[in-house]
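Keeping their order, the protein sequence lines are chains A and B. Each residue of the first sequence is one higher than the one before, counting from 1 in this note's numbering. Each residue of the second sequence is one higher than the one before, counting from 1 in this note's numbering.
Careful: at least some of the hints might be erroneous.
[Unchecked claim] Pairwise CB distance ranges, derived in the manner of DEER restraints:
| id | chain 1 | residue 1 | chain 2 | residue 2 | range |
| --- | --- | --- | --- | --- | --- |
| 1 | B | Leu2 | A | Ser99 | 12 to 20 Å |
| 2 | B | Leu9 | A | Leu83 | 24 to 32 Å |
| 3 | A | Asn77 | B | Glu15 | 44 to 52 Å |
| 4 | A | Thr5 | B | Leu2 | 34 to 42 Å |
| 5 | A | Arg22 | B | Leu2 | 38 to 46 Å |
| 6 | B | Leu50 | A | Thr13 | 36 to 44 Å |
| 7 | A | Ser80 | B | Lys17 | 48 to 56 Å |
| 8 | B | Gln14 | A | Asn77 | 45 to 53 Å |
| 9 | A | Ser27 | B | Leu2 | 26 to 34 Å |
| 10 | B | Thr107 | A | Leu61 | 30 to 38 Å |
| 11 | A | Gln41 | B | Asp38 | 34 to 42 Å |
| 12 | A | Asp1 | B | Thr107 | 44 to 52 Å |
| 13 | B | Leu9 | A | Trp96 | 29 to 37 Å |
[Stated by the list, open to error] Once the Cα atoms are required to be at most 25 Å apart in a straight line, the calculated BS3-like pairs of lysine-lysine come out as:
| id | chain 1 | residue 1 | chain 2 | residue 2 |
| --- | --- | --- | --- | --- |
| 14 | B | Lys56 | B | Lys68 |
| 15 | A | Lys9 | B | Lys68 |
| 16 | B | Lys17 | B | Lys109 |
| 17 | A | Lys57 | B | Lys3 |
Honestly, the hints are just simulated from the structure, not real lab data. C-beta: ideal position from N, C-alpha, C; glycine also.
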Amino acid sequence: DSGVTQTPKHLITATGQRVTLRCSPRSGDLSVYWYQQSLDQGLQFLIQYYNGEERAKGNILERFSAQQFPDLHSELNLSSLELGDSALYFCASSVWAWSGYTFGSGTRLTVV
Amino acid sequence: ELKVEQNPLFLSMQEGKNYTIYCNYSTTSDRLYWYRQDPGKSLESLFVLLSNGAVKQEGRLMASLDTKARLSTLHITAAVHDLSATYFCAVDNNNNDMRFGAGTRLTVKP
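Whenever a hint applies, use it, and build me the whole structure from the sequences.
Right, here's the structure in full:
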């Protein structure tokens, strides 16, 4: 157990639907990062939050949004889902930017 | 934009052999990370390299960083089957995030 908790582990949903992925960072970590892993795109950085504030954005689609709550857990919202959104979504956390990230076990999203 | 390239992307090795995975990146950075991923699993941190010339070793794996050449290597010594996995390098992107290479899928055969 890495200390980063992601739920759910698996999610199957239909095109056009909306889902929410949840992440609880490791105790003491203020930064949360979201990554998407797919076979054709590899690991793509989506967005970073630090202590409740958005810090950096990567290749995140407008249909996707995220937030970090006062208790530091984070949620990634994916809407108007398309088949191509099927992927593993990882959350990671860190205490300092240079210390490296600890990854959660991921949420496998399948859009049918 | 920071680009990270790994090679080879696929590597099939015999047990007991040595090999090196290379990671090149396009912009200045002093921080580089290596991760291991088993199929369907999460990413496990292997090494954190934070300065030019940094060298870290753990078991049969050794990682090094040359920031001037923008190059890191992951050297595998006397490979064993348990090392079969996908290895990723990742480079710090100005403290905002890490950019990952495409990964090297390593298969160690008996």
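Verification of the hints:
1. In this structure the supplied range 12 to 20 Å holds for Leu2/B paired with Ser99/A, their Cβ-Cβ distance being about 19 Å.
2. Leu9/B and Leu83/A have their C-beta atoms about 25 Å apart, which keeps the hinted 24 to 32 Å range intact.
3. A beta carbon spacing of about 46 Å between Asn77/A and Glu15/B agrees with the range 44 to 52 Å that was offered as a hint.
4. Between Thr5/A and Leu2/B the Cβ separation comes to about 29 Å, which falls outside the hinted range of 34 to 42 Å.
5. Separated by about 29 Å at the C-beta atoms, Arg22/A and Leu2/B break the suggested range of 38 to 46 Å.
6. At about 41 Å, the CB distance of Leu50/B to Thr13/A agrees with the hint of 36 to 44 Å.
7. The hint said 48 to 56 Å for the Cβ distance between Ser80/A and Lys17/B, and at roughly 49 Å that hint holds.
8. The given range of 45 to 53 Å is respected by Gln14/B and Asn77/A, whose C-beta atoms sit roughly 47 Å from each other.
9. Between Ser27/A and Leu2/B, the C-beta spacing of about 30 Å keeps the proposed range 26 to 34 Å intact.
10. A C-beta distance of roughly 34 Å is found between Thr107/B and Leu61/A, which places it inside the suggested range of 30 to 38 Å.
11. For Gln41/A paired with Asp38/B, a C-beta distance near 20 Å fails the hint of 34 to 42 Å.
12. Against the hinted window of 44 to 52 Å, the Cβ-Cβ separation of Asp1/A and Thr107/B comes to about 28 Å, which falls outside the hint.
13. Restraint check, Leu9/B to Trp96/A: a C-beta distance of roughly 31 Å satisfies the suggested window 29 to 37 Å.
14. Proximity of Lys56/B to Lys68/B is assessed by CA-CA distance (about 18 Å); at most 25 Å being required, the pair is judged to hold.
15. Our distance criterion of 25 Å between C-alpha atoms is broken by Lys9/A and Lys68/B, whose separation comes to about 41 Å.
16. A distance of roughly 10 Å separates the Cα atoms of Lys17/B and Lys109/B; the hinted pair therefore holds under the 25 Å criterion.
17. For the hint pairing Lys57/A with Lys3/B, the CA-to-CA distance comes to about 16 Å; that is within 25 Å, so the pair holds.
Hints 4, 5, 11, 12 and 15 from the list above are not met by this structure, while the remaining hints are.
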